[in-house]
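**Student:** Residue numbers (the numbering used here), protein chains in the order written: chain A, 1 to 187; chain B, 1 to 714.
There may be inaccurate statements among the hints.
In silico lysine-lysine, DSSO-like type, Cα no more than 30 Å apart, as pairs [stated by the list, open to error]: (1) B:Lys133 - B:Lys207; (2) B:Lys207 - B:Lys144; (3) B:Lys335 - A:Lys133; (4) B:Lys335 - B:Lys404; (5) B:Lys207 - A:Lys132; (6) B:Lys133 - A:Lys63; (7) B:Lys538 - B:Lys483; (8) B:Lys335 - B:Lys346; (9) B:Lys474 - B:Lys404; (10) B:Lys483 - B:Lys472; (11) B:Lys712 - B:Lys612; (12) B:Lys623 - B:Lys612; (13) A:Lys63 - B:Lys483; (14) B:Lys207 - A:Lys133; (15) A:Lys133 - A:Lys164.
Derived from the structure by calculation, the hints contain no laboratory data.
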Amino acid sequence: MKKIPSTRQRNLLITLLAILVLAVGSFYIYSLMHQPPAKQTVKTGSTPVSHPQNTIDYSPATKADNNAADQRKTPEAVVTPTPTKQELVATITRASVDSSSHEVYVGTLVTGSTTGDCAITASQVGQPDVIKKSSIRYTSNAYDCGTLQLSFDDFPNSGEWSIKLTVTSGGSVASNTWGKLVTINRG
Amino acid sequence: MIFNKIKHRHLTLIALLLLVFPMAISIEPVGALTGANFNAGHIIDDVIFTNSSSMSVQDIQYFLDTKVPNCDTSGTQNSSHYNSTAGRYYTRAEWGSISGSPAPYTCLKNYRENITTHQNNVGNPSASIDNAKTAAEIIYNSAKTYSINPQVLLTTLQKEQGLITDDWPWPIQYRSAMGFGCPDTSACDTKYYGFYNQVDSAAYQFKYYLTHPNAFNYWTGDNFIRYNPDSSCGGTNVNIQNPATAALYIYTPYQPNASSLSKTTGTSAGGSGDNCGAYGNRNFWWYFNTWFGSTLTSGYDWQPVQQSAYTDSTMTTPVDTLSLLPGQRFYLQIKAKNMGSVTWQKGVAGRQVNLGTSNPRDRKSLFCDSTWLGTDCNRATSISENTIAPGDTGTFGLWATAPKQIGMYSEYFNPVMDGTSWLIDRGLYWTFKVTAPSWQPVQQSAYTDSTMTTPVDTANMLPNQRYYLILKAKNNGPATWQKGVAGRQVNLGTSGPRDRASGFCDSTWLGSDCNRVATTTEDSVASGATGTFAFWIKTPSRILSYDEHFNLVMDGVSWMSNDPGLYWTMRTNPIHLNWQPVQQSAYTDSTMTTPVDTNNLQHGQKYYLVLKAKNTGNNTWQKGVSLNQVNLGTSHSRDRKSVFCDTLSWLNTDCNRPATANEASVAPGQTGTFGFTITSPAQAGSYNEYLDLVLDGVSWAETDPGLYWTFKVN
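With the hints as constraints, model all of the structure from the sequences given.
**Tutor:** This is the structure in structure tokens:
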């Protein structure tokens, strides 16, 4: 005669099954999260060690790695494209005060033109402007206004000054003002 | 109903589990990169950016090989461009041909270029190029020349043109491989075309950026960085925290916006975001982190730069760590680069970096030396220099002593800033093999002297004699025996028991303990070669018989692992002093020109007598050698005081030893000459003057031949 399990036994079985699933699942998740990275043996002996451990991923490239390059493989890519005419934009990338050398260094970025003139103007109410001029410079991967530095001695007065960049090129003018005032302390 | 309720509750639980479980397994691994991890002001640390030793040429080549296991040289795979006419995708070769970049394609792992002529194999992978360098060599050399991490160059090649992973790269990708001289807003500068030009110029430029603060548009501090060449996209103020990050922005003057960062996942740098996205610095950051580990250092990180082992702290002679001897002391040196952000300071609590045992940490080392720090044998030494700033390289120099136990050992070490933190474990270890020296006897012989012309049976030696022995021994161990080199000189020692004081000790032996016989005559006896031990022994005065055991010992290191049981049977036999008179004559003086009739001597006169005697005994008469000098003595009765004594020339004042043999050595069978002066007594009369040979300190001749002169004094 087939033995029919009691309700209590059945509940116990179901509970045990649930605990088992939970335990296996938890272990699996834990092992996923704590998977050790592939180890690489460090060379030893009298030869220099050149392999830091656990750092280099030697797995093959994925399709995602090549998406961008593949998308660029068009007939147009073979010849160097001439960029379309862009709006002239002048940007002050930084205006750093170096208190030790008593200089203000101004970094710039120019887009939309490869030639033209730049002018940095430092202003303070009631004081004459301090102006430094340069030309657009090619810096291998971008265009800027070259090294622009203003000596503290160029400033007639200590205090806070605003910095403005003006770029003119082919009849276009672009300007940009540094978002902060720079503090000059002539001592 | 209750059952149904319970059942329902369980079903709910199981359903919940089934729901949660797939979600759980789809969770990305802890530490996976997301755009949220990107810190615009701190993309890469300086020490990592400038770590030019991170990869060798072989490492780079292996990296390129593994990224593109199969190069689609012929372009046979499908492209992503659909040929609607044919109803299928173009093959890569077809698409390349249409686009002006026909197959074959040269993958970076196979790229070669003559860096002078710039001739290369793009478009013809099998082309023969004289004096060509591989891409790996070009990358490595530029990295070294300009002190830029080659991983930075590899990552830049990928972020600019995808060259690292591309399995069908087009020529234009090589032409502007690093994107150098290619502003986003104008055409590329032809001056920098070509792979070598690109890599070398970019590496140079990176270095130039780092060494020329304030000369470019970005530097540390507050900067405004745009999202895109399109100014309408705007930008933000970014506080650039270090020069290397500034260099990246000078090279690629845009930061990724939120849209482009949102595309980044643990498995992909991410595709395009909105129209204002810029991806150069995002992709640099993602690929570096994914391929080479974090772009940011831990505060406590290091990199092994060099490890060497020497015989001693002068570091002049390398030691083979796979043929160490038990108990051997040797000197190790590790050069370690501070890849963290904290300066190592010797003598400053919490900042001093010591070399600790690792795997497991604080393991008690079997190679512990008395010079190690503390007594736990887990701190070998501390950094030698007073200060090692991030990016600088320091030195650990330590003595190690090989254990007595023979075997193979892997000794792991890692720097630790005691009281603060262990540095990241870089898995540094040495493999040490401790092997005992061993040998085997090849030949043993004995001679009368160092001319080695007359062999001797050591089982039939005489007391108080010197003999010359030779042992030829083969070096069966891994280490070379080196005469005069501490810890490498092999000596012949007494054994059975070891260091026993030998009764056959000679004054030429090493030391004064009579337990070190000799070292090799050769300066160097390599493994497998045969060395020679040549030495004197001196037999004792006693009559004895010994099996005299010897073994080889590398003093200061160990005895040989084997004892072949080498011995000489050394037996001293009694001396049999025997002789027979050959001739006796008398002269007026020692010129021996005028014979004298001894029956007609004048009183008080000097005369010169000569006795020639043949050595019929078993010992060599040796003039001047204690216990071996045979003298002429008065006999009948022995040691009688002679009335013919010439006190000025006889051997003693007792007037009983007229002379010794003139010859330095009279071997058995040879004839010796005894010449001596007598003074006739004042008393007239007839005298029979008896003489015999005596080995003073040993014995008189066994048989007295009864030699005498008859003297008649007038």
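**Student:** Does B:Lys612 sit within 30 Å of B:Lys712, going by the straight-line distance between their CA atoms?
**Tutor:** OK: B:Lys712 and B:Lys612 at ~22 Å, within 30 Å.
**Student:** Checking one constraint from the list: CA of B:Lys483 to CA of B:Lys472, max 30 Å. Satisfied?
**Tutor:** 15 Å, holds
**Student:** Is it true that the CA of B:Lys623 sits at most 30 Å from the CA of B:Lys612?
**Tutor:** 15 Å, holds
**Student:** With a cut-off of 30 Å on the C-alpha distance, tell me whether A:Lys63 and B:Lys483 pass.
**Tutor:** Between A:Lys63 and B:Lys483 the Cα gap is close to 65 Å, so the pair fails against 30 Å, i.e. violated.
**Student:** With a cut-off of 30 Å on the C-alpha distance, tell me whether B:Lys335 and B:Lys404 pass.
**Tutor:** 28 Å, holds
**Student:** B:Lys474 and B:Lys404: Cα distance at most 30 Å?
**Tutor:** 23 Å, holds
**Student:** Given the hint that B:Lys207 pairs with B:Lys144, does the C-alpha gap stay at or below 30 Å?
**Tutor:** 11 Å, holds
**Student:** Keeping to a limit of 30 Å between CA atoms, is the pair of B:Lys133 and B:Lys207 held or broken?
**Tutor:** 22 Å, holds
**Student:** Does the alpha-carbon distance linking A:Lys133 and A:Lys164 stay inside the 30 Å limit?
**Tutor:** 12 Å, holds
**Student:** For a C-alpha distance cap of 30 Å, please report whether B:Lys538 and B:Lys483 respect it.
**Tutor:** OK: B:Lys538 and B:Lys483 at ~24 Å, within 30 Å.
**Student:** Going straight from one Cα to the other, do B:Lys335 and A:Lys133 come out at no more than 30 Å?
**Tutor:** 50 Å, violated
**Student:** Are B:Lys133 and A:Lys63 close enough, with their CA atoms no more than 30 Å apart?
**Tutor:** 29 Å, holds
In the structure shown, a violation is registered for the earlier hints numbered 3 and 13, in ascending order.
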